[in-house]
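Residue-level listing of the chains:
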Amino acid sequence: MGTPSTPFTVLRDFYAEEFARIEREFRATSNGRAATQGRASLLDRVILELSREFLAAEPSDLKKLCLVALGGYGRRELFPHSDIDLMFLWEDRSTESRYREGTQAVSRALWDLRLRLSPTYRFLGECEKFQRDNAEFNISVLDSRYLAGDRELFLQLRNKALPHMIDGARSDLLRDLSELTQQRHKKEGDTIFHLEPNLKNSPGGLRDYHVAWWVGLISRMEKTGRWATSEDIWPSKARLDMEAAFDFLAAARCFLHYRQGRDDNALSYEMQAAAAARGIGIENCRAIDPEDWMRIYFRHARAVYALCTQLLDETVPARDTSRVRGWKSRRSHSAFSVAGARLTVLEPAGLRDPHRLLEVFKYVAEHGIKLSREAEDQIREALPTIFDSGSSLPTLWSNLREILLARHASEGLRAMHSAGLLVRLFPEFGAIDSLVVRDYYHHYTVDAHSFMAIENIHGLREAQQNWERPFATLFSELEEPELLFLSLLFHDVGKGMPCEDHVAGSLESIEKVFSRLDLKPGQADTVRFLIRDHLAMSASLLRRDIFDLGTIRAFAEQVGTPEWLKLLCLFTYADIRAVNPEALTPWKAESLWQLYVLTANYLTRSLDEERFRADAGDLQFIDRIFPLLSAAASREELASFLEGLPRRYLFAHSPQEIASHFQMARKLKEKSVQLHLEHRGQIYALTLLATDRPFLFAGVSGTLASWGMDIWKAEAFANAAGVVVDTFHFTDPHKTLELNPSELARLQKNIEDVLTGATPRERLLRGRAGAQSKLQPKVSVPTQIRFDDSSSPHSTLMEIVTQDGPGLLFRLSSTLANFGCNIEVALIDTEGQRALDTFYLTFGGAKLTPDTQERLRVRLLAEE
Amino acid sequence: MQVESSKIDTRTDDPRRQNSMMRIEAIIQPSRFESVKEALHQIGVEGMTVSEVRGHGRQKGHTETYRGREYEVDLLPKVKIEMVLPYNLVDGAVQTILKTARTGKIGDGKIFLSKVDEVIRIRDEERGEGAL
Chain E
0 MGTPSTPFTV LRDFYAEEFA RIEREFRATS NGRAATQGRA SLLDRVILEL SREFLAAEPS
60 DLKKLCLVAL GGYGRRELFP HSDIDLMFLW EDRSTESRYR EGTQAVSRAL WDLRLRLSPT
120 YRFLGECEKF QRDNAEFNIS VLDSRYLAGD RELFLQLRNK ALPHMIDGAR SDLLRDLSEL
180 TQQRHKKEGD TIFHLEPNLK NSPGGLRDYH VAWWVGLISR MEKTGRWATS EDIWPSKARL
240 DMEAAFDFLA AARCFLHYRQ GRDDNALSYE MQAAAAARGI GIENCRAIDP EDWMRIYFRH
300 ARAVYALCTQ LLDETVPARD TSRVRGWKSR RSHSAFSVAG ARLTVLEPAG LRDPHRLLEV
360 FKYVAEHGIK LSREAEDQIR EALPTIFDSG SSLPTLWSNL REILLARHAS EGLRAMHSAG
420 LLVRLFPEFG AIDSLVVRDY YHHYTVDAHS FMAIENIHGL REAQQNWERP FATLFSELEE
480 PELLFLSLLF HDVGKGMPCE DHVAGSLESI EKVFSRLDLK PGQADTVRFL IRDHLAMSAS
540 LLRRDIFDLG TIRAFAEQVG TPEWLKLLCL FTYADIRAVN PEALTPWKAE SLWQLYVLTA
600 NYLTRSLDEE RFRADAGDLQ FIDRIFPLLS AAASREELAS FLEGLPRRYL FAHSPQEIAS
660 HFQMARKLKE KSVQLHLEHR GQIYALTLLA TDRPFLFAGV SGTLASWGMD IWKAEAFANA
720 AGVVVDTFHF TDPHKTLELN PSELARLQKN IEDVLTGATP RERLLRGRAG AQSKLQPKVS
780 VPTQIRFDDS SSPHSTLMEI VTQDGPGLLF RLSSTLANFG CNIEVALIDT EGQRALDTFY
840 LTFGGAKLTP DTQERLRVRL LAEE
Chain Z
0 MQVESSKIDT RTDDPRRQNS MMRIEAIIQP SRFESVKEAL HQIGVEGMTV SEVRGHGRQK
60 GHTETYRGRE YEVDLLPKVK IEMVLPYNLV DGAVQTILKT ARTGKIGDGK IFLSKVDEVI
120 RIRDEERGEG AL
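Respectively, the protein sequence lines represent chains E and Z.
Under numbering that gives the first Met the number 0, the first residue of the first sequence is numbered 0, with each subsequent residue one higher.
Under numbering that gives the first Met the number 0, the first residue of the second sequence is numbered 0, with each subsequent residue one higher.
Calculated from the structure, these hints are not laboratory results.
Keep in mind that a hint or two might mislead.
Below, simulated SDA-like cross-link-like pairs (lysine to any residue); rule was C-alpha separation at most 20 Å, straight line [stated by the list, open to error]: (1) Z/K79 - E/T584; (2) E/K846 - E/Q802; (3) Z/K36 - E/K361; (4) Z/K104 - E/R552; (5) E/K519 - E/E479; (6) Z/K104 - E/D544; (7) Z/K109 - E/D544; (8) Z/K104 - E/T550; (9) E/K222 - E/L161; (10) Z/K79 - E/F546; (11) Z/K79 - E/D544; (12) E/K670 - E/W706; (13) Z/K109 - E/F546; (14) Z/K36 - E/D544; (15) Z/K98 - E/R542; (16) E/K670 - E/A744; (17) Z/K36 - E/Y440; (18) Z/K104 - E/A744; (19) Z/K104 - E/K222; (20) E/K748 - E/L667; (21) Z/K79 - E/A582; (22) E/K712 - Z/G67; (23) Z/K104 - E/F546; (24) E/K712 - Z/R68; (25) Z/K109 - E/E479; (26) Z/K79 - E/R542.
From a predicted model like this one, the values you see are computed outputs, not experimental measurements.
Using the sequences and the hints given, assemble the complete structure.
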């Protein structure tokens with residue numbers, strides 16, 4: 000490279016030729032680091048020439064003026080079309096007056112070369128002070144590098160002024176860095192997994208690399224009074240990862256700049272394909288598949304993001320330390336601790352115990368605290384010991400369930416995935432690791448989308464917008480929210496499988512997942528349903544008229560039960576919202592809610608009409624249940640039992656449960672009341688089969704209330720032969736049954752006695768009335784009673800909303816029975832302190848007349 | 000201007016004919032949007048602006064009760080499609096929307112047509128039909 004001589008045109012040609020030479024070398028080698036260093040050196044030469052032209056024949060002779068490279072130029076990382084930060088540093092005002100014109104001429108010449116120059120003019124004294132309104136300058140000056148002029152002045156800047164500024168404003172500098180980084184990350188959705196990331200600004204991009212560099216510089220200066228170097232700024236392992244990441248990111252950014260001819264850092268699908276085809280950042284510039292190339296990008300971005308955020312967490316004062324202090328005091332004996340908002344493992348050997356390993360992630364999921372890099376490395380090292388030995392994890396579901404239900408579940412799952420545990424536990428998830436599926440709407444990789452969907456549901460706990468609140472209420476009503484989370488986690492794994500329909504792939508995978516989790520058959524059915532039909536609600540929303548009864552009927556038939564409808568509605572909410580930040584508009588959310596309400600009401604109000612009819616093509620239910628029966632039973636017998644039962648009953652119960660009910664029904668000839676009581680976690684489920692009789696529903700609800708049980712959900716159905724199938728879900732707030740297991744049998748005997756008349760019904764609740772009447776409700780719920788004659792051809796539907804309380808169902812059902820009403824179907828539900836009960840009633844075998852309805856309303860209100 | 004007839008007068012004395020571009024604004028049922036978009040693409044209409052809107056005409060809303068709470072459904076969800084087309088494509092586009100968006104029920108929507116005096120492409124400042 001020959002030394003150019005002015006005039007300007009010669010310098011311009013020189014710059015253009017050298018720029019082209021560096022580009023040619025990059026095309027041959029893909030070495031981004033060399034290209035950026037080459038351009039920085041080229042600019043050094045140009046600025047030196049201009050200094051000779053406009054400031055002094057020998058720039059090193061300049062006194063009290065120094066030209067300083069800042070920012071990326073200062074670090075010798077000048078990308079092909081990046082801005083050039085140049086500082087003219089004066090010692091005093093007289094120097095400024097003397098050289099002002101010359102420095103402006105240098106700037107003008109650089110602009111005339113079409114370079115994007117950002118010149119800065121500062122006195123040395125100004126650089127000693129932290130500039131509150133100019134965070135960018137405070138940070139860029141940390142990367143100052145001598146170019147030309149008074150070297151002594153530069154050394155004063157480097158060795159005195161800047162250390163003085165850092166010493167006095169370390170906290171402010173770090174706070175600014177942290178806030179700017181948080182704002183930038185938030186703008187980018189707080190995830191590295193963008194389908195079309197920005198190489199500079201996305202989390203895990205070059206800006207994060209530099210944040211980690213600046214935090215390292217400030218920390219080293221504080222601890223040792225020296226500037227860190229690239230050899231000692233970070234721990235050795237992190238340094239190797241970071242340098243590898245920089246080489247990849249720098250090569251990719253140079254590629255984009257050269258290809259686009261401007262400072263464009265958007266890694267679009269088109270650019271990804273082009274970079275992968277050129278093998279940018281790949282050894283020997285080997286062409287690879289774009290999806291694999293993006294996986295390499297994400298691996299580097301993950302390393303950069305992890306170090307950047309960890310360094311910020313360690314050095315910036317924690318925003319919320321109370322929970323950490325509390326935790327430490329409670330768990331001081333534990334194998335791990337929390338410092339700087341990061342979890343550190345005290346006894347890495349303990350991680351080889353799967354249960355202790357999962358404890359770490361349960362804590363992360365509960366508190367939203369990230370793993371330290373060291374902890375993540377230690378976990379990664381421990382995994383082969385656990386998994387290569389073939390150890391099984393018999394309690395995997397109970398541990399995973401706790402993680403899924405925790406407030407920060409998505410953080411826990413991301414940590415498990417980042418450390419490699421999630422794929423070890425569920426190799427199926429590996430199919431969507433950092434997977435880019437190109438479409439116009441999705442912004443994130445498939446794995447990130449799945450975690451974000453889970454986060455969207457947990458985010459409903461702090462719902463702010465009016466349109467979010469109904470979904471928040473729905474979430475609080477779910478019986479098994481963990482099944483929703485499990486479905487969200489695996490619903491898209493099929494996208495990474497070689498199959499045309501990703502839903503089919505996901506369903507295939509979930510069966511393998513089930514083989515490692517001890518889910519009950521009904522739970523597995525729920526997860527299968529959610530994965531199989533996860534697009535059904537959004538499809539109805541967008542492609543069907545949701546105000547058309549036919550649409551609602553078909554959709555209700557597809558969903559089957561109110562609980563599955565709730566789950567699918569929330570699934571759809573979370574799934575759409577995880578597509579991109581704008582995907583779930585208030586318009587879509589409100590339409591989704593309307594579809595939910597219309598379908599939920601249809602499921603409730605069509606109960607009496609939508610019944611099993613063996614002669615109407617409902618034989619598929621027989622096909623599912625019959626194989627589960629004993630050899631003695633016939634298909635005709637089963638069909639006879641099911642005849643006339645609401646279809647909702649068939650959807651709400653698993654084939655195994657219905658088979659069990661059928662067997663109970665067969666025993667009714669021997670004993671007129673058949674009971675089955677089951678303990679499910681905090682809930683007891685009582686199933687009753689009996690021939691229909693007056694006060695049956697009141698008798699059971701009264702007995703349960705007299706035992707202090709709290710009924711929160713119940714259903715009462717009957718078949719065409721008059722066999723009643725009632726289910727009651729209740730809690731035991733006084734732990735009577737839990738502490739006295741023998742009382743279970745006595746409770747069942749008590750119910751039988753009440754139903755057979757051996758125990759007078761009137762005795763029920765007699766002793767409890769006084770104590771219960773003193774209880775004050777937390778929320779006052781005014782009673783609303785609504786009658787509807789249009790939903791059923793032969794019953795009147797009565798919906799009652801009222802204050803929940805002990806014995807309420809007994810009082811209601813007794814009043815109905817005493818009034819002369821027959822309960823054809825009952826659906827009992829509670830929402831906090833609101834009882835939401837629906838009864839299909841007949842009076843004298845027919846619908847209630849308007850006059851009867853009014854008299855019943857008066858009677859019910861009088862009984863309150 | 001609301002379309003009263005389903006056919007646009009293409010005679011030269013039609014005052015609208017003197018203007019070379021027209022803006023079509025169609026309010027349709029959300030469930031018909033995908034079909035309408037596809038049908039418009041098939042006749043060569045590629046560019047359009049789509050908005051999620053709410054409203055009602057003669058199709059009034061109603062009140063829905065869910066678990067004892069009342070929900071006013073007075074403004075119904077609709078999709079608004081807007082496009083500016085050269086005059087020779089307008090008739091085909093209107094016919095396509097009419098044919099594809101119609102279900103025959105109240106609430107199928109409306110089409111509004113208006114003249115456009117000028118269009119300018121921001122990128123290169125090209126004007127007129129060429130900028131569409």
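Problem - Given hint Z/G67 paired with E/K712 - CA-CA distance at most 20 Å - result: Roughly 16 Å between the alpha carbons, so the hint for E/K712 and Z/G67 holds.
Practice task
Sort out whether E/D544 lies within 20 Å of Z/K109, counting only the CA atoms.
Solution key: Roughly 17 Å between the alpha carbons, so the hint for Z/K109 and E/D544 holds.
Exercise for the section: Please work out if Z/K79 and E/R542 have their alpha carbons no farther apart than 20 Å. Expected result: Given pair Z/K79, E/R542 holds - Cα atoms ~15 Å apart, limit 20 Å.
Handout entry: Straight-line alpha-carbon gap E/K670 to E/W706, limit 20 Å
Key = violated, 24 Å
Problem - Distance restraint between E/K846 and E/Q802, which requires alpha-carbon spacing of 20 Å or less - result: violated, 27 Å
Problem - Hinted pair E/K712 and Z/R68, Cα distance within 20 Å - result: holds, 19 Å
Handout entry: Distance restraint between Z/K104 and E/K222, which requires alpha-carbon spacing of 20 Å or less
Key = violated, 76 Å
Practice task
Would you mind confirming whether the straight-line C-alpha gap from Z/K104 to E/A744 stays at or under 20 Å?
Solution key: It is violated: about 60 Å lies between the C-alpha atoms, which goes past 20 Å.
Handout entry: Given pair status - E/R552, Z/K104, alpha carbons within 20 Å
Key = Roughly 18 Å between the alpha carbons, so the hint for Z/K104 and E/R552 holds.
Handout entry: Given hint E/E479 paired with E/K519 - CA-CA distance at most 20 Å
Key = holds, 12 Å
Practice task
Please work out if Z/K104 and E/F546 have their alpha carbons no farther apart than 20 Å.
Solution key: holds, 11 Å
Exercise for the section: With a cut-off of 20 Å on the C-alpha distance, tell me whether Z/K79 and E/F546 pass. Expected result: Roughly 18 Å separates the two Cα atoms, so the pair holds.
The structure fails hints 2, 3, 12, 18, 19 and 25 (numbered hints given earlier, in ascending order).
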